[in-house]
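**Q** Here is what each chain is made of, one letter per residue.
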Amino acid sequence: MTMTETINIKRFNPEGGAEPFWQEYRTEVEPTDRVLDALMDIKRNQDGSLGFRKSCAHGVCGSDAMVINGTERLACKTLIKDVVTDGSTTITVEPLRHMAVQRDLMIDQSTFFARYRSVKPFLIPADAEADAQDAGAGEIIQSQEERVRFDDATKCILCSACFSACPVLDENPDFLGPAAIVQGARFVFDSRDQGLKPRMDALNDPNGVWPCENHFQCTRVCPRGIKVTKLINLTKREIKK
Amino acid sequence: MKGMYTIGRQREEPVLEHEYDAVIVGAGGAGLYAALEASRSVKTAVVSKLYPMRSHTGAAQGGIGAALGNVEEDSPEWHAFDTVKGGDYLVDQQAAGILADDAVRAVYDLENRGLPFSRTPEGRIDQRRFGGHTREFGEAAVRRSCYAADRTGHMILQTLYQQCIKNDVSFFDEFQVVEAIVDSGRCHGVVAVELATGEVHVFKAKAVLFATGGFGRMYRITSNAYANTGDGPAVLARAGVPLEDMEFFQFHPTGIRGMGILITEGVRGEGGILRNSRGERFMETYAPTLLDLAPRDMVARAMLTEIREGRGIRGDRRIDDYLHLDATHLGKETIQAKLPDIAEFCRTYMAIDPADKPIPVQPTAHYAMGGIPTDIDGRVATDEIVYEGLYAAGECACVSVHGANRLGTNSLVDLVVFGRRAGRHIAAYARKADSPRVPADAADRTRERLDRLTTGGGGKKGSGKTGSGRKGGSRRGEAPGPIYEQMQAVMMSAVGVYRTAEEMEKGIEEVRALRDRQRAVRIQDENRAFNTALLEILELEHLLDLSLVTAASALHRTESRGAHSREDYPERDDKRWLKHTLAWLEGDEVRMGEKKVDIRQFEPKPRKY
Chain A
3 MTMTETINIK RFNPEGGAEP FWQEYRTEVE PTDRVLDALM DIKRNQDGSL
53 GFRKSCAHGV CGSDAMVING TERLACKTLI KDVVTDGSTT ITVEPLRHMA
103 VQRDLMIDQS TFFARYRSVK PFLIPADAEA DAQDAGAGEI IQSQEERVRF
153 DDATKCILCS ACFSACPVLD ENPDFLGPAA IVQGARFVFD SRDQGLKPRM
203 DALNDPNGVW PCENHFQCTR VCPRGIKVTK LINLTKREIK K
Chain B
2 MKGMYTIGRQ REEPVLEHEY DAVIVGAGGA GLYAALEASR SVKTAVVSKL
52 YPMRSHTGAA QGGIGAALGN VEEDSPEWHA FDTVKGGDYL VDQQAAGILA
102 DDAVRAVYDL ENRGLPFSRT PEGRIDQRRF GGHTREFGEA AVRRSCYAAD
152 RTGHMILQTL YQQCIKNDVS FFDEFQVVEA IVDSGRCHGV VAVELATGEV
202 HVFKAKAVLF ATGGFGRMYR ITSNAYANTG DGPAVLARAG VPLEDMEFFQ
252 FHPTGIRGMG ILITEGVRGE GGILRNSRGE RFMETYAPTL LDLAPRDMVA
302 RAMLTEIREG RGIRGDRRID DYLHLDATHL GKETIQAKLP DIAEFCRTYM
352 AIDPADKPIP VQPTAHYAMG GIPTDIDGRV ATDEIVYEGL YAAGECACVS
402 VHGANRLGTN SLVDLVVFGR RAGRHIAAYA RKADSPRVPA DAADRTRERL
452 DRLTTGGGGK KGSGKTGSGR KGGSRRGEAP GPIYEQMQAV MMSAVGVYRT
502 AEEMEKGIEE VRALRDRQRA VRIQDENRAF NTALLEILEL EHLLDLSLVT
552 AASALHRTES RGAHSREDYP ERDDKRWLKH TLAWLEGDEV RMGEKKVDIR
602 QFEPKPRKY
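Respectively, the protein sequence lines represent chains A and B. Start counting the first sequence at 3; every next residue gets the next number (the working numbering). Start counting the second sequence at 2; every next residue gets the next number (the working numbering).
So that you can see chain A by itself, here it is in the shape it has in the complex (with noise of 0.2 Å):
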């Protein structure tokens, strides 16, 4: 059953002008096509300068995260049929908010990912002499209900949409930032880690965990269904203690 779509982008050409503006493409689609199916006809047949990030094409390696229909998402799990309602023939498309724009849909996650950084994100572990370099003496033990707790928060692509999604970042871009307070929490509830102790700084940080107001902005945009406010407000809680 395919169908013409109309696909509108927000594009932008540092070396081409100043002002970003809206592009209008046309291509031949079935329902069940990804918007990224419908990316790549158009940059493959149309027009190869159209800038986007992408590889995997199925959820897993957080790449096309961009605003579809005004919603944050993975290109590459939108089906046309998903944004495609009350029978528009119109799919707007636009760079993540709240990074700066490269080209066309690609943005600049260099903040991002300093800030996923600035948590240690790496396991720091709780015996201390246990050295994780060629230990291979046997797996540190870990209980089921242990594994269970963390278990949320290892899901985490680090695509940014939660980043783009949060709207204290609107007004308070030094917030830390959804993910990587996630990634933070993967950490300080594993069992095997020394936990909240060596992230104190970080996330106890006026601009850390606090800023959260809770809008659960982050939670209904996160591809990988992650709670993502409720692991800022576990983390908030165990900072409390």
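If you're looking for bench data, these hints aren't it; they were derived computationally from the structure. Every residue gets a Cβ at the ideal spot worked out from N, C-alpha and C, and that includes glycine. It is possible that part of the hints are untrue.
Think about it this way: if two alpha-carbon atoms lie no more than 16 Å apart in a straight line, the pair counts; the simulated EDC-like pairs of lysine to aspartate or glutamate are [said to hold, decoys possible]:
no.: 1; chain 1: B; residue 1: Lys596; chain 2: B; residue 2: Glu385
no.: 2; chain 1: B; residue 1: Lys576; chain 2: B; residue 2: Glu595
no.: 3; chain 1: A; residue 1: Lys122; chain 2: B; residue 2: Asp169
no.: 4; chain 1: A; residue 1: Lys83; chain 2: A; residue 2: Glu32
no.: 5; chain 1: A; residue 1: Lys122; chain 2: A; residue 2: Asp207
no.: 6; chain 1: B; residue 1: Lys44; chain 2: B; residue 2: Asp169
no.: 7; chain 1: B; residue 1: Lys507; chain 2: B; residue 2: Glu590
no.: 8; chain 1: B; residue 1: Lys339; chain 2: A; residue 2: Glu147
no.: 9; chain 1: B; residue 1: Lys339; chain 2: A; residue 2: Asp153
Covered, in the sense of this in silico footprint (three residues per stretch, anywhere, with C-beta under 8 Å from a C-beta of chain A), are these stretches of chain B [stated by the list, open to error]:
no.: 10; region: 50-62
no.: 11; region: 112-119
no.: 12; region: 214-228
no.: 13; region: 480-494
no.: 14; region: 514-526
Since the structure of chain A is already known, use the hints to place chain B on it.
**A** Below, chain B alone, put in the same frame as chain A:
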């Protein structure tokens, strides 16, 4: 948001030349592990065309195979045997032994570094069954796959990247390597294009490791990411390095119909069953002992046979027909606990709940057993020559630890075992090696190539356009889309699961014609910053080169073995073909050679399950 659009970011004089002891190309599991190892003692940089956490290792689902024996008795010797037999006896057996032995240490190491494995009730790393993995040399399936739900690859990639952050490894993110500097059997560095600026950089190095992953994008239906374009093998082929065993490309039995999205073998490991249009468990006919957990090449062939004989779900005997993977009897709880990601794929893309309905699946181009020939330390080597300062690891390498067919869960363990070995060898080598010698004009060839792609053959900007990307785009030369589609279609039919000389010969001619047409492709984007069109044309060139080498290698091997199945040569012929092939790409021709197989321990036998 106004402030988000800034232009004219002033850059100081850009640094376009870099020198390191070790340069790692690719930031997936093998590259990151090698970097962790090498950076402990020598100055190391990772050069990757993607941000590391986007690498395709993150898509791996089912598990990492290691004979820990946490759930049932197991031994590395059984694992090595399974690997050799699974590879239809084309596996280099010393490498298989190393893989199996070192797997245990590697898995514990990953866990100690934080990898969140699923756990047994006793709190140990949990293990499950997987295709081709047995106890007692083939007696029955064994639980050897160590897993983290059905996102083991994601966890491995995240853990290794976290460790790189912890250990302050240097990264050049979104730099795409387009040329290797190889001279008289020694590698002196690489040339790369920086996506952000379009600048051409030269990385001088005492040693270079290629860990660029696979090249499934040669095929129409593939599980591979768009980024899997075989840059490492292609770049080295152009530098005169031969590629090994390119005819062996694995088709995974269960990709989602029409999309290539992988449904892990782990579903069958948990008890899922493949059924034809009659609802029959057809694997009973083809592999009575291991059934749906027979090695992937056997299952893929069985599926195609069922389809060709009219028992596919559509029943039209066309090769794009499909079958059913039935997980309905596993129950919602098991699926949610052990296979949550594939359940979500089914819901998102097919509007199916695997607990209620069977999943429509078909064989999908998945893994390259062949690639850059190496020894057990990752050094690029043939029987005649060991290259100096040149290494490869991971899917792009051919040790060969997978031979003619790879067992599931053996790729993740390949990455960490041989990535680490290569990293160690590089560090030891770089400490003693003398400095690289790179000519002053090393970047010129690449710069000319990029210029030709941008301006050659079409003159300057089209009429009345104020800049690329304005309405309509300027079309000069051919667009890459049709070339991609035709290459992927011909590879799927001519060099797919079943092959004949006639089809392969036609395929080779078509690929040659496509390479000619590709030379007329011009980029419709002349801007330098973030020019993804440019880098994608280079990737298409790589895929076309590798397609030619793959088709020629497949035509050359006149037997059937592992994943290479020929209808005109249906039997395995150890007398003539118990050897690896080597293929040199020379212009439009492919010259074939050979490399010995190490069969020191397990004598080749007929492969039955």
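**Q** Take the hints in turn and mark each one as holding or not.
**A** Going through the hints against the structure:
With a C-alpha separation of about 9 Å, the suggested pair Lys596 of chain B and Glu385 of chain B falls inside the 16 Å cut-off, and the hint holds. A hinted pair counts as satisfied when its Cα atoms are at most 16 Å apart, and Lys576 of chain B with Glu595 of chain B qualifies at roughly 14 Å. The straight-line distance between the Cα atoms of Lys122 of chain A and Asp169 of chain B is roughly 12 Å, inside the 16 Å bound, and the hint therefore holds. A distance of roughly 8 Å separates the Cα atoms of Lys83 of chain A and Glu32 of chain A; the hinted pair therefore holds under the 16 Å criterion.
Distance restraint check for Lys122 of chain A and Asp207 of chain A: the Cα-Cα separation of roughly 14 Å lies within the 16 Å cut-off, and the hinted pair is therefore satisfied. Using a Cα cut-off of 16 Å, the hinted pair Lys44 of chain B and Asp169 of chain B holds, with the two alpha carbons roughly 11 Å apart. About 15 Å separates the Cα atoms of Lys507 of chain B and Glu590 of chain B, which keeps this hinted pair within 16 Å; it holds. Restraint check for Lys339 of chain B and Glu147 of chain A: the C-alpha separation of about 15 Å stays at or below 16 Å, so the hint holds.
Distance restraint check for Lys339 of chain B and Asp153 of chain A: the Cα-Cα separation of roughly 12 Å lies within the 16 Å cut-off, and the hinted pair is therefore satisfied. Figure legend: the region 50-62 of chain B, annotated as covered by chain A; annotation consistent (8 residues with Cβ-Cβ distances under 8 Å, at least 3 required). Evaluation of the coverage hint for the region 112-119 of chain B: fulfilled, as 7 residues show C-beta separations to chain A shorter than 8 Å, against a requirement of three. By the rule of at least three residues with a Cβ nearer than 8 Å to a Cβ of chain A, the coverage given for the region 214-228 of chain B holds, with 3 such residues.
For the region 480-494 of chain B, the stated coverage by chain A holds: 5 residues have a C-beta nearer than 8 Å to a C-beta of that chain, and at least 3 were required. Against chain A, the region 514-526 of chain B contributes 3 residues with a C-beta closer than 8 Å to a partner C-beta. That satisfies the three-residue criterion, and the hint holds.
Consistency with the previously given hints is maintained throughout, with no hint failing.
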